[in-house]
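Single-letter residue listing:
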Amino acid sequence: MVRVRLENVTKVFRGGVEAVRDLNLEVKDGEFMILLGPSGCGKTTTLLMIAGVYKPTRGYIYFDDQVVNDLEPKDRNIGMVFQSYALYPHMKVYENIAFPLRLKKLPKEEIDRRVREVASMLKIENLLDRRPSQLSGGQQQRVALARAIAKRPGLFLMDEPLSNLDAKIRVEIRAELKRLQRELGITTIYVTHDQAEAMSLADRIAVMNEGRLQQVGTPDELYYHPANVFVASFIGAPAANLIDADIVEAGGSLFIEALGMRFQLPSDLAQVLRGASKVVFMVRPEDVRLSPGKGFTVFSVEWLGRESFVHVQAPDGTLLRVTLPPDQHVSAGEEVSASFNYKRAHFYRPNGELIV
Amino acid sequence: MRVSRELSKKLIIGVMLTPAVVVAVLFLAVPAALTILISLTELDYRFKWIWCGLDNYARLLRDPTTRLVVQATAIYVAGTLAFNTLWGLCLALLSTHVHDALGTFMRAAWLLPRVLPSVVWAMLMMWIFSPLDAGFLNSLIISMGGQPVPWTFRYYWPFLFVVNGFIGSSLSAIIFSSAIKSIPPDYIIAAKVDGASSFTIITRIILPMIKWHIAFFVAYNTLSLLASFEYILLTLNGGPGYYTTEVMILRAYHLAFGQYMVAMDFGYAATYVTILLVVGLVLSIAYWRVFRLRRLMIEPKLE
Amino acid sequence: MVKVRTILLYLVAVVVAAVPLVPLGLLFALALSEHPVYVRGFTLANFDFLKTGVLFPGDPYLSRIYPNVYTAAANTLLLALGNMALVTLISSMAGYVISRYSFRGRSALLGTFLVIHGVPASVLLVALYYLLKATGLLNTLLGVVLVKMAVDLPLGVWVLKGFYDGIPWDTEIAALVDGTSRFGAFFRVMLPLVSPGIFSIALFSFLSGWGEFIFVYTFIQSSTNWTLSMLIQSLFASEMGGINLALIAALSVFYLVPVLVLFVVGEKYLVRVTIGGVKG
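Residue numbers (the working numbering), protein chains in the order written: chain A, 932 to 1287; chain B, 21 to 323; chain C, 5 to 284.
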């Protein structure tokens, strides 16, 4: 099981397109690392560089302290799963799984043993004689997984493998994937744009945007301590509230002036923020408390069973996203006042950097 | 021995691409250049290179048969093009408006003359339309009490249009019908719901939507007709009479490989051919630009 | 109830579909005709030449001029197979490289092939004659095969490139990750997946070589090197064309048999090549 390290990796394509910039990342042995970001952020390019399909323009990639920049994909001992499954249409399922083993020139009995072993692990033993075109999406994905597992690779690379599946199957296979990875203990690097998927599967997540790494951390760390505005906005659904605000001093205390109102800051925060003028104030919907009062008008209410998703309108017209516990009810048009849980809120400079 | 990736990539490209490039250069590019060179010489059966500059071209301009030849070329290209395009359109429209099985059968049947060896098709047409009493049509007419018709003696252009048109219209029919079939059915359904007649649908919706394909076919067919002569050679061979159907490329062929092998006037023949070659290349490059064929080239992803 | 217009439409369609088949039917009728010039009666006598390949067993003079039918048939087969093998081999490799590799001059090369394909080969006949004579390949089947192959190659490369373009990149990457080299990926995965394209080009180039006339007419002088197309044309152009048409028709039927069989079997593939050559 392999440790992967990327050192200052940059990839520039023909035509000057910079897909990945100065990426530094370490994936621990046996870890489930997810590369998360919007389309075009460079995550797939990074994955393909780790696979050896692309060569980094600058920087180094290490597998266990060995530089692998010049190593062909076939010599990297990796298993790969694609969004499109990429099964060989002209071969039966058995042959698809056996293909990498045949290329390794393993003896026939060993190949047969492994294929059947992996097929039973993924519950596809009865499909071995069929062709990929005769299988459903979920079944094809299992075959793709089987093919990757059968060669006992040191590293798994997965490129949005669940994106083409129905929502229900997706959730099922997601759980199985997590369990499988734990059992097999193979280092896994997984690419997705779906933050919910990332949060549920990963040991750690690397958030990328426009070719640069934004933050690496456990789902907890990313959720509660986003390092910049992008991560704050990308992680968590419903999305966090990001409010442009001014810091003003009045009567010895510090206030946030935003949304057409003023909110007093607690003294520990005031110490840190004194001297700042313009900030971006981030607060998650569940950290906004509504109570009867004045200042905000309820704009819309969506009752979702275990919580309510509410939009409240501030005096300056901005809509705030708030989630309420199931026992609290408000109705559209009602006037409420809002308060914030400052222990979980964050402040950023206008350029996106974290202040606190 | 570990061959570096760059080297192995270059090796693969080299090995797999070279044959095609070599062939193209040796048999296509070199002869093209040679043609132009030959037109500047007095090359003939003696096979000696005697440079004579633009003498051949001057001779071309003075030669009284040149006018006949160019005229024949113009008539041939215009007439066959019209036949190919219009009849191909009819075939395409007809075959897409009936049941798919019949439509496919129709297009397959019309593809047949194109697939047949040229000598067989030419021979068949000459026999059917022969002006002699023994010709098929004439024998039918005689047996019904009529007078034999001098088909190829008098109606030689229509004859040639039919012979070549049967070959060319299958190509246009295939192209146009595939274009028609790729029109999203929603447009047709919407028009029918609006109450449009079949004729209106054809003229207002179908034809405008396959404009590009029609233009493309006209462009390319013009180009290939300019230098097409095999069926003319096999049937009327430039006759009947004095250069009535002698198109430019056929004239060049006769000059070079003349019927009596006495001619072999390669230099003069190359003059005609060079003109056609230059026209052809210019047109082809123009089409490349106009039809924005560069779009068809997606950059590959792997390295 | 079915509209009158629809019935009329189908009637017209059937008639139109039958039109190109009529000459073919007439050819068969003539080949089986008892009379040498008119279509009359039914006999297999015109096919007697099949026994020995000699067309004019009673006439020693004619037998010297015209080669044995089977000699001509063998030459035709050689030309067709040679063209098929070379075009398929070269274009399956070139199409792959052009489709999958990025290299300097790629668009120029592809553009050149397209431009060449647009200009008919007839413009090169004079220069090719000179070239073949200069290299001693005149009057040889090899020379004709090479020229024919060169002419059919641009189309082959275009069509196969199109087929390669249609295979998703993921499939090829999967093969590389599974352990093949790039050449291995080509051989084990890409080639099998473009096999319909290869079959189409093989079929097309075989038929193209089988029916070839003008290159043989121009470059071949000795009758022992004649193909069936030359034989038929030469017979038709001579007085035989007026005396014994039925024999020529029978010979043509013999010549046509592979064409018709392959056409019925592979018409779908031929259509693909036709479209492929146009849309690129």
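No lab work stands behind these hints, which were simulated from the structure alone. Please note that a few of the clues may not be correct.
[Said to hold, decoys possible] Computed footprint of chain B on chain C, listed as stretches where at least three residues anywhere in the stretch have a Cβ under 8 Å from a Cβ of chain B:
| no. | segment |
| --- | --- |
| 1 | 71-78 |
| 2 | 95-107 |
| 3 | 117-125 |
| 4 | 128-138 |
[Claimed, not checked] The calculated lysine-lysine pairs, modelled on DSBU-like cross-linking and capped at a C-alpha distance of 30 Å, are:
| no. | chain 1 | residue 1 | chain 2 | residue 2 |
| --- | --- | --- | --- | --- |
| 5 | B | K201 | A | K1036 |
| 6 | C | K7 | B | K201 |
| 7 | A | K1274 | A | K1209 |
None of the values given here were measured: they were computed from a predicted structure. Where a beta carbon is used, it is the ideal one built from N, C-alpha and C, also for glycine.
To see whether the hints hold, each was checked on the structure:
Interface restraint, the segment 71-78 of chain C with chain B: violated (0 residues with C-beta to C-beta distance below 8 Å; minimum three). For the segment 95-107 of chain C, the proposed coverage by chain B is satisfied: 11 residues have a C-beta within less than 8 Å of a C-beta in that chain, meeting the threshold of three. Taking a C-beta to C-beta cut-off of 8 Å, the segment 117-125 of chain C contributes 7 residues in contact with chain B, enough for the three needed, and the coverage statement holds. Residues of the segment 128-138 of chain C with a Cβ under 8 Å from some Cβ of chain B number 9, which satisfies the need for three, so the listed coverage holds.
Our distance criterion of 30 Å between C-alpha atoms is broken by K201 (chain B) and K1036 (chain A), whose separation comes to about 49 Å. Note on K7 (chain C) and K201 (chain B): the hinted pairing holds, with a Cα-Cα distance of about 24 Å set against a maximum of 30 Å. Restraint check for K1274 (chain A) and K1209 (chain A): satisfied, since their Cα atoms lie roughly 20 Å apart, inside the 30 Å limit.
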